[in-house]
Amino acid sequence: MYLLLLALLGMARGAHSTYGAFDLQSLALGALPLALAAAAQAVIVISGGIDLSVGPVMAVFNVTAARLMVDQEMGGALLIAAGILVAGVLAGALNGVLVTASRVPDIIVTLAMSFVWGGVALLILGTPGGGAPQQFLDLAGATSLSEWISNAFLFLAVCLAVIWIPVRRSRLGLAIYAIGSDPVAAFRSGIDVRRSKIAAYAIGGLFSACGGLALTATTGIGDPLSGNLYTLAGVSAIVLGGVSLAGGRGGILGPVAAAFVLTLLPTVLIFLGVDANYSQVIQGVLVVAVVMVGGLATLRRRTA
Amino acid sequence: MSAPQVAAPPPSRSAVASGAGRVQRLLTERPIIVLLVLFVVLIAATELSPDGDVNTGWARANVQAAAILAILAAGQTLVMLTGGIDLSVANVMTAAAYVTAANGSGGEARAVALGLAVGLLVGLVNGVGVAVFRVQPLIMTLGMGAVIVGVLTVYSQQGVSGTPLVPDAVRDLGSGSFLDGTIPYNLLLWAPLAGLILYGLRASGFGRMLYAVGDNERACRLAGVRVWQVQLTVYVLCAFLSAVAGLLLLGYTNAADLELGNNYLLPSVAAVVIGGTSIFGGVGGYGGTIVGALILTVLGSLLTLLDVEEAIRQVLYGTIILVLAWAYTRVSGGTADR
Chain A
1 MYLLLLALLG
11 MARGAHSTYG
21 AFDLQSLALG
31 ALPLALAAAA
41 QAVIVISGGI
51 DLSVGPVMAV
61 FNVTAARLMV
71 DQEMGGALLI
81 AAGILVAGVL
91 AGALNGVLVT
101 ASRVPDIIVT
111 LAMSFVWGGV
121 ALLILGTPGG
131 GAPQQFLDLA
141 GATSLSEWIS
151 NAFLFLAVCL
161 AVIWIPVRRS
171 RLGLAIYAIG
181 SDPVAAFRSG
191 IDVRRSKIAA
201 YAIGGLFSAC
211 GGLALTATTG
221 IGDPLSGNLY
231 TLAGVSAIVL
241 GGVSLAGGRG
251 GILGPVAAAF
261 VLTLLPTVLI
271 FLGVDANYSQ
281 VIQGVLVVAV
291 VMVGGLATLR
301 RRTA
Chain B
1 MSAPQVAAPP
11 PSRSAVASGA
21 GRVQRLLTER
31 PIIVLLVLFV
41 VLIAATELSP
51 DGDVNTGWAR
61 ANVQAAAILA
71 ILAAGQTLVM
81 LTGGIDLSVA
91 NVMTAAAYVT
101 AANGSGGEAR
111 AVALGLAVGL
121 LVGLVNGVGV
131 AVFRVQPLIM
141 TLGMGAVIVG
151 VLTVYSQQGV
161 SGTPLVPDAV
171 RDLGSGSFLD
181 GTIPYNLLLW
191 APLAGLILYG
201 LRASGFGRML
211 YAVGDNERAC
221 RLAGVRVWQV
231 QLTVYVLCAF
241 LSAVAGLLLL
251 GYTNAADLEL
261 GNNYLLPSVA
271 AVVIGGTSIF
281 GGVGGYGGTI
291 VGALILTVLG
301 SLLTLLDVEE
311 AIRQVLYGTI
321 ILVLAWAYTR
331 VSGGTADR
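Protein chains in written order, with our numbering: chain A, 1 to 304; chain B, 1 to 338.
Note that these hints are calculated values from the structure, not bench results.
Be aware that one or more of the hints could be misleading.
Stated by the list, open to error - To spell it out: a stretch of chain A is covered by chain B in this simulated footprint if at least three of its residues, at any positions, have a beta carbon under 8 Å from a beta carbon of chain B; those stretches are:
id, region
1, 76-86
2, 93-100
3, 227-236
4, 286-294
As the list claims (entries may be wrong) - To be clear about the criterion: a stretch of chain B counts as covered by chain A if any three or more of its residues have a C-beta under 8 Å from a C-beta of chain A, and this derived list gives those stretches:
id, region
5, 94-108
6, 127-137
7, 149-156
8, 313-323
Nothing here was measured: the structure is a model prediction, and the numbers come from that model.
Glycine included, C-beta positions come from ideal geometry on N, C-alpha and C.
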């Protein structure tokens, strides 16, 4: 996946000699929400679940942020952002509680919840609108370190580092991988499977809230329908990024890199003079091909 | 909902003898009763609502809308019975409708054939991917959905020649009715289809095979079933039925665009799940799906009637799906438990 990303960057550079710092900035800006959606989905899928409500949850926090921040100073906006992150944990945990308590398959629960969250987003903001202070938009749009490393990239790195590294290193992180790969074995080694699962959904919710804030920061407004894309695109990204849908395998950086690849793909196609709409086709073929190759590899290993 | 509030106890003999136990056993064996009760409640609510009037016009409109969803969900039911899922149904629907309309001026029969061919082609690819190359159905059909969207967009910009036209036959089938507007034409298509599927699942060897594959794929293979053939056929059937539903939707709306079927993906899954078919395969049937599709349609029209705003509608819709699935899991003693 990283190789593919580098290859695509190389192709962009090769096809268009002016491809440089500015384009990297817009790439990071475009990929930011998808990368966070992919991270959210990745944590949940690693724990053996799936969340089809990631997109609508992002939309909920996008509109909440845009509605509350519209007349705020930077300080107020940051306070609101903090509140939204807490709400994200709660929203994710609610999904997790519903999945574990109802014992209905997670795909059904989150499908139903995607309607509920979508409705909530519409309740908060009926039509696209709202806004945020310029400084908040600069969190994603501007560059502060160097022109090659945009704030959007830093935003992403900080989100991932602050949330994922401590989790990954803790008992909880181990538990999330364990319940994903074999819930029975995990239960027998003394892991509270239900609580770990709820925690995985809560972390997913936290990433979704980050994604919602990122949507507000990158687009400058709130749109109740903004999240719709990100549910299925996020699933594509995690599959490309090497997370097994069966659970227990994969990481977060792969999906994030895949999100960048998916964002870069249309640009490269345009540079190469190919209709950008083919990027959807390529995305679909890639997703299937990656899984197919993986499947063939395990098949060969088994027969060998 | 008569689901017991306590965690469902294992049905022991003494529990069955008691009244509550008997009710529970009845519901376990015939979960469709719960659905029918809910359906009747929804109809009663429609009749009692201030602007509501349950009459033949109301029935026609609902059956007409439900037929589209029910035919789409029929394909989804077949796939889910084998333990799979098809997330490309809405895209197939759109593609079939769009291709038919785009070729409408070049002969009706040809346009319809092309539209249905789209379904067969997509189904074949899905089926080969899932059955032969063993790609997880979720990923295969998700990827295929993206491919369809891309190809269709390019096609709409480059491949369309002549004026788009919805063939008359398709329009009549999708939006016409006969006997003084009491019976929609699309019921003439849906009813035999439903009968065939209901009968086929129960009585044909292929129908029983779907349950067997969904229940235990490995055992089937060891018993000599060519599982890949069953799966391939199911995905082709599903995509074909989606294409048929797409044509009905085209006739219903009388116009095609690139997002025509998008709103149908989630309801198609929801109708199947509400109808009691397990997403893990092997349990369920088309009867429940039909009632599921009717419930979703009547619920939608009731909410429109009550002038509920879109946001509340979605919340209610989601909650009802969740509550039904939850109640169903409880009543049937947790068959959906892994």
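Tested hints:
Figure legend: the region 76-86 of chain A, annotated as covered by chain B; annotation inconsistent (0 residues with Cβ-Cβ distances under 8 Å, at least 3 required). Judged by the Cβ-Cβ criterion of 8 Å, the region 93-100 of chain A is not covered by chain B as claimed, because only 1 of its residues qualify and three are needed. Counting residues of the region 227-236 of chain A whose beta carbon lies closer than 8 Å to any beta carbon of chain B gives 3, which reaches the threshold of three, so the coverage claim holds. Given as covered by chain B, the region 286-294 of chain A passes the check, having 5 residues with a CB less than 8 Å from a CB of that chain where 3 are the minimum.
Coverage of the region 94-108 of chain B by chain A is violated. Counting CB-CB distances below 8 Å, 0 residues qualify, and the rule asks for three or more. A stretch counts as covered by a chain when three or more of its residues have a beta carbon under 8 Å from one of that chain; for the region 127-137 of chain B and chain A the count is 5, and the coverage holds. Here the region 149-156 of chain B counts 5 residues with a CB under 8 Å from a CB of chain A, which clears the bar of 3, and the coverage holds. Here the region 313-323 of chain B counts 9 residues with a CB under 8 Å from a CB of chain A, which clears the bar of 3, and the coverage holds.
Hints 1, 2 and 5 from the earlier list are contradicted by this structure; the remaining hints agree with it.
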